[in-house]
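Enquirer: Given chain A's structure and the hints, the job is docking chain B with the ligands onto it.
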Amino acid sequence: MTGFTWLDIAAVDDIPLRGARKIKTAMGCVALFRTGPEEAFAATDRCPHKGGPLSEGIVHGQSVTCPLHNWVFDLNTGQAQGADAGSIAVHPVRVEGGRVLIDAAALLRPPAA
Amino acid sequence: MTQKLVIIGAGMASGRVIDHLTDTAPDAFDITLVNAEPRGNYNRIMLSPVLSGEKTYDDIVTHDDAFYAKHGIATRFGTAVTAIERAGKTVTVGADTLSYDKLLIATGSAPFIIPVPGRDLPGVVTYRDLDDTNAMIAAADQGGKAVVIGGGLLGLEAAAGLAERGMDVTVLHLMGHLMERQLDPAAGYLLRRDLEARGITVRTQAVTKAIIGNGRAEAVLLEDGTTLPADLVVMAVGIRPETRLATDAGLEVGRGIVVNAQMETSDPDIMAVGECVECAGQLFGLVAPLYDQAKVVAAGLTGTPAVFLPKDTATKLKVTGCDLFSAGDFADGPGREDIVFRDPGRGIYKRLVIEDDRLVGAVMYGDTADGNWFFGLIKDGTDIEPMREALIFGPAAQGGAAADPLSAVAALPPEAEICGCNGVCKGTIVSAIDGGATDLGAVRAATKASASCGTCTGLVEQLLQVTLGDGFVKPTAQPICGCTHLTHEDVRRLIKTTPLKSQEAVWQDLGWTTRNGCHVCRPAINFYLLADWPLEYRDDPQSRFVNERKHANIQKDGTFSVVPRMWGGITTPQELRAIADAADKYAVPTVKVTGGQRIDLLGVKGEDLPAIWADLNRAGLVSGHAYSKGLRTVKTCVGTDHCRFGTQDSTGLGIRLEKALWGSWTPHKVKLAVSGCPRNCAEATCKDVGIVCVDSGYQVGVAGAAGMDVKETERLADVATEQEAIDLTVAFIQLYRENAKYLDRPYKWVAKVGLDWVKARVVDDLTERQRLIDAFALSQSIYQKDPWAELAADPARFAPLADLTLEAAE
Ligand code: SRM
Ligand SMILES: Cc1cc2nc3c(=O)[nH]c(=O)nc-3n(C[C@H](O)[C@H](O)[C@H](O)COP(=O)(O)OP(=O)(O)OC[C@H]3O[C@@H](n4cnc5c(N)ncnc54)[C@H](O)[C@@H]3O)c2cc1C
Ligand code: SF4
Ligand code: FES
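Protein chains in written order, with the working numbering: chain A, 1 to 113; chain B, 1 to 810.
In isolation and in its complexed conformation, chain A is listed as follows:
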């Protein structure tokens, strides 16, 4: 296929609108952000500044503000905005038929040899 491993995570309504929930992965926690009724993003849940949990931040437009010291990240690119320098890893997400799907290729544990 296209190299994506779409994994159905939850109903989009399980994430509050303009809010976030986190999922646990082998690569650490990943935050799922719901920026619009049918719009979602995923990114690592750790702020590069001092490790703030981004899933607890205020979600606005297509950005999130870290709850600890207000760094703002663009969820499209993962880049910190304004004067702050840094970035977070973002992961492909789709919302389809009311479900949120995440590309799990990079998140799953490699199979045991």
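There may be inaccurate statements among the hints.
[Unchecked claim] No more than 30 Å apart at the CA atoms, straight line, and that leaves these computed lysine-lysine pairs for BS3-like:
| # | chain 1 | residue 1 | chain 2 | residue 2 |
| --- | --- | --- | --- | --- |
| 1 | B | Lys748 | A | Lys24 |
| 2 | B | Lys311 | B | Lys102 |
| 3 | B | Lys605 | A | Lys50 |
| 4 | B | Lys759 | B | Lys741 |
| 5 | A | Lys24 | B | Lys556 |
[Said to hold, decoys possible] The calculated label-pair distances, taken between Cβ atoms and stated as ranges, are:
| # | chain 1 | residue 1 | chain 2 | residue 2 | range |
| --- | --- | --- | --- | --- | --- |
| 6 | B | Ala706 | A | Ala11 | 47 to 55 Å |
| 7 | B | Ala69 | A | Gly97 | 43 to 51 Å |
| 8 | A | Asp84 | B | Asp383 | 29 to 37 Å |
| 9 | A | Asp84 | B | Thr226 | 43 to 51 Å |
| 10 | B | Ala25 | A | Gly97 | 32 to 40 Å |
| 11 | A | Ala105 | B | Gly707 | 48 to 56 Å |
| 12 | B | Lys556 | A | Ala11 | 30 to 38 Å |
| 13 | B | Arg679 | A | His69 | 49 to 57 Å |
| 14 | A | Ala105 | B | Phe77 | 48 to 56 Å |
| 15 | A | Cys29 | B | Gly225 | 19 to 27 Å |
| 16 | B | Glu337 | A | Ala11 | 25 to 33 Å |
| 17 | B | Glu768 | A | Met27 | 55 to 63 Å |
| 18 | B | Gln478 | A | Ala105 | 43 to 51 Å |
| 19 | B | Ala411 | A | Met27 | 51 to 59 Å |
Hints are computed from structural coordinates only; laboratory data are not their basis.
From a predicted model like this one, the values you see are computed outputs, not experimental measurements.
The beta-carbon is built from N, C-alpha and C at its ideal position, and this holds for glycine as well.
Expert: Then chain B with the ligands, alone, in the frame of chain A:
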């Protein structure tokens, strides 16, 4: 040799197929058209004008008996096909069997019926065909109340039509805003406002539980217990492809009948078209793509196979006066950027979504004239980079480039309107400036320009700059944040006076330049709305800083602290035991006595919060709001109960004040103290409200500080009774809630408005004092509840949504 073609369903899609066949290959087929409805093809999308009375059924018929006769099409209307027998290539219609060489399934969709009790009662209708429409018209002739379940395209057209026919209509919608598939919340808000203006009641987040009635529908019962009387109930909650025949015949069926790009099903002699199909994983619910499909079907039948490519579709709502347009993919996916334009005066909202320099989606409300132009850009994938700056202004703005805003303002003719609300044109403003109005306030006073919604403030300032040159100094009033040029004070005033009762209303009517604010303005607006409209507005946790959403203080390592309330600093052995047990059970690393006379459990894991709260709740302990912009603590001293100097019951008064004020939201945190005598062991003279008891009664001081600034309280009043001391405190806090800027502690706010202004309202004007007390009580009736108890009931929200650590990659 003419082949036998049987068509199942005389809908909009098959009507098009018939048109193409009779045009290009009139003799290729012997056509038999079977329809379950007792009529032939008609323009289904025009049922709404029929419902509202703008058109009649005859106006919307697309193919009549004369047409079928002229083209030799045999018709079987009023009976459904009940089976397809693929081996023998026949279909069953009533008692008859028809044989085919080619079969076309065009069965459309069936309305989705929500499985609630009472759905089968007479008086409950769906909205799909002429019979439904006629049933609604007949019901409307009796007058009365209609409840429409579903705030999508169909539901709203039904609602508007029924309202037009004089019914009292309520629309129930499950989601947070209307037409959420086509509109974003901002446009949904404008639509709701327009529908409400024509008398339609809209209830969002309304979950239908049952339809009740004795022998026929009489009311709709909601999940929250509300009962809405209804003479007519319209269910318009969605459609599902009509696939039953195909499934029974063993054709491949997913969500719809699966077809390839040639519209062939898994049986090469059977094609399918319209809403019943699924192509490339997609379903179709609007006519534009069905027309493309019809072309491909006709081409395939006549031996010149073509390819169907699903394309973007645009939606309009056919309700006169509600101008909306949405196209493309305005919500999904990463890599996207928004351009937002709002004209509050005219109720206009436009949003464009751009990805890789292409326009991928557009939502418009109020002015949809450029909709098709934008739709064209979306479909053609035009590179919009060269016109990005002025893109949102549509085709008219392309070409000429007046990039510098100042020269653009300078170039405006004197009769150009600057302030839409007050109808003030450029010439009037310029003569006011020439006449000596050299700042914004003076221009406002002289002309009223920018005095209403304020969105033209920037323009007026530019005019000042153009007219005065270097003589103009831009005022320093700070806007709330980059989303608006308005100050906190302006926004508070406009929320009260306009009035604005939702965040969408603020963003739209005050011309926010972002989609939905940012971390700076959202908490402020959320507070203003809940303080000014306690009944109409509902608190939005997503607009709160994490501590207020989680009801615990986040720590630097992402854990939380838990501080239960200790009323007036008084506790009991039983409470202390519960705290100790919780500390043990949840392995709390630090237990500390705070500066606010209570105990802090620091370092609790986020997942454990609901459980520790439930444990503390069981011992009667509630949230201490150590995290909130709200009442924190009321410190007390031991007072007359024990102290040899105590003059009044300072502990008791402190407890009563804490019980009155807890749970309320305020612009910033609020701390109180009550000392039993002027020795002031509770440090009352540096609190937001501090009461010092004396022999003659109570000295009520306000506006103290002992944080980043240190400041002694100022005397609000001396009163004789405890009740008066409580009344003054409550009235003062409510005045603060109604007027202060978000994040101003009381001492900062009082410095701005002056203690005399406060005294006039809280102390001297007894009517106003009572109004403040009543307003506070109203707000408390909604907000004074223990958030821990509420959240502990739903622990799932605190757990991760999924755990992928156990799943391995393939
Ligand atoms: C726990 C406590 C310290 C202690 O161990 O005693 C405390 C802890 C914090 N204070 Fe405080 N303050 C505490 C009593 C005080 C006091 C003393 C008092 O209440 O009598 C003051 C001075 C009085 C005042 O309110 O101004 C105080 C003035 C502040 C300020 C400065 C406020 C100001 O307007 O100047 C902040 C910052 C802010 O609110 O913006 C602050 C903020 C904080 C925060 C919430 C910092 C933050 O934003 O994360 C600290 C949370 C720590 C945590 O992770 O739990 N804390 N803080 C006290 C809790 C009292 C309670 O039971 O609720
Ligand atoms: C009130 C309303 C307003 C709308 N407004 C718009 C709009 O503004 N814009 C837009 O693009 N779209 C609109 N639509 C949607 C549009 O009407 C549909 O997309 C379109 O009609 C689908 O065409 P179709 O041929 O697939 O199905 P239909 O038009 O539904 O035709 C299917 C026919 O098949 C018949 N049938 C089903 N099963 C059998 C059987 N077993 N045997 C025989 N016959 C059978 C049905 O009775 C029906 O007559 C609207 C729909 C409604 C109801
Ligand atoms: S004084 Fe500073 S460090 Fe200490 S609790 Fe208060 S905010 Fe935190
Ligand atoms: S940890 Fe995120 S901004 Fe500091």
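Enquirer: Next step is simple, just say for each hint if it's right about the structure.
Expert: Status of the hints after comparison with the structure:
Of the pairs offered as hints, the one joining lysine 748 of chain B and lysine 24 of chain A is violated, with about 44 Å between alpha carbons and a cut-off of 30 Å exceeded. With a C-alpha separation of about 27 Å, the suggested pairing of lysine 311 of chain B with lysine 102 of chain B holds against the 30 Å cut-off. Restraint check: the Cα-Cα separation between lysine 605 of chain B and lysine 50 of chain A comes to about 18 Å, which is no more than 30 Å; the hinted pair holds. Restraint check for lysine 759 of chain B and lysine 741 of chain B: satisfied, since their Cα atoms lie roughly 19 Å apart, inside the 30 Å limit.
Taking the CA atoms of lysine 24 of chain A and lysine 556 of chain B, the gap is near 20 Å; set against the 30 Å cutoff, the hint holds. Taken as a hint, the range 47 to 55 Å holds for the pair alanine 706 of chain B and alanine 11 of chain A, whose Cβ atoms sit roughly 48 Å apart. Remark: the range hint 43 to 51 Å for alanine 69 of chain B to glycine 97 of chain A is upheld by a beta-carbon distance near 44 Å. A beta carbon spacing of about 32 Å between aspartate 84 of chain A and aspartate 383 of chain B agrees with the range 29 to 37 Å that was offered as a hint.
Between aspartate 84 of chain A and threonine 226 of chain B the C-beta distance comes to about 47 Å, which sits within the given range of 43 to 51 Å. At about 39 Å, the beta-carbon gap between alanine 25 of chain B and glycine 97 of chain A stays in the expected band of 32 to 40 Å. Separated by about 50 Å at the C-beta atoms, alanine 105 of chain A and glycine 707 of chain B satisfy the suggested range of 48 to 56 Å. In this structure the supplied range 30 to 38 Å holds for lysine 556 of chain B paired with alanine 11 of chain A, their Cβ-Cβ distance being about 33 Å.
In this structure the hint that arginine 679 of chain B and histidine 69 of chain A lie 49 to 57 Å apart at CB is violated, the actual value being about 41 Å. Here the CB-CB span from alanine 105 of chain A to phenylalanine 77 of chain B is close to 53 Å, well matched to the stated 48 to 56 Å. Restraint check, cysteine 29 of chain A to glycine 225 of chain B: a C-beta distance of roughly 38 Å breaks the suggested window 19 to 27 Å. Restraint check, glutamate 337 of chain B to alanine 11 of chain A: a C-beta distance of roughly 28 Å satisfies the suggested window 25 to 33 Å.
For the pair glutamate 768 of chain B and methionine 27 of chain A, the beta carbons lie near 60 Å from each other, so the given range of 55 to 63 Å is met. Restraint check, glutamine 478 of chain B to alanine 105 of chain A: a C-beta distance of roughly 47 Å satisfies the suggested window 43 to 51 Å. For the hinted restraint 51 to 59 Å between alanine 411 of chain B and methionine 27 of chain A, the CB-CB distance of approximately 56 Å keeps it satisfied.
Consistency with the previously given hints fails for numbers 1, 13, 15, ordered from lowest to highest.
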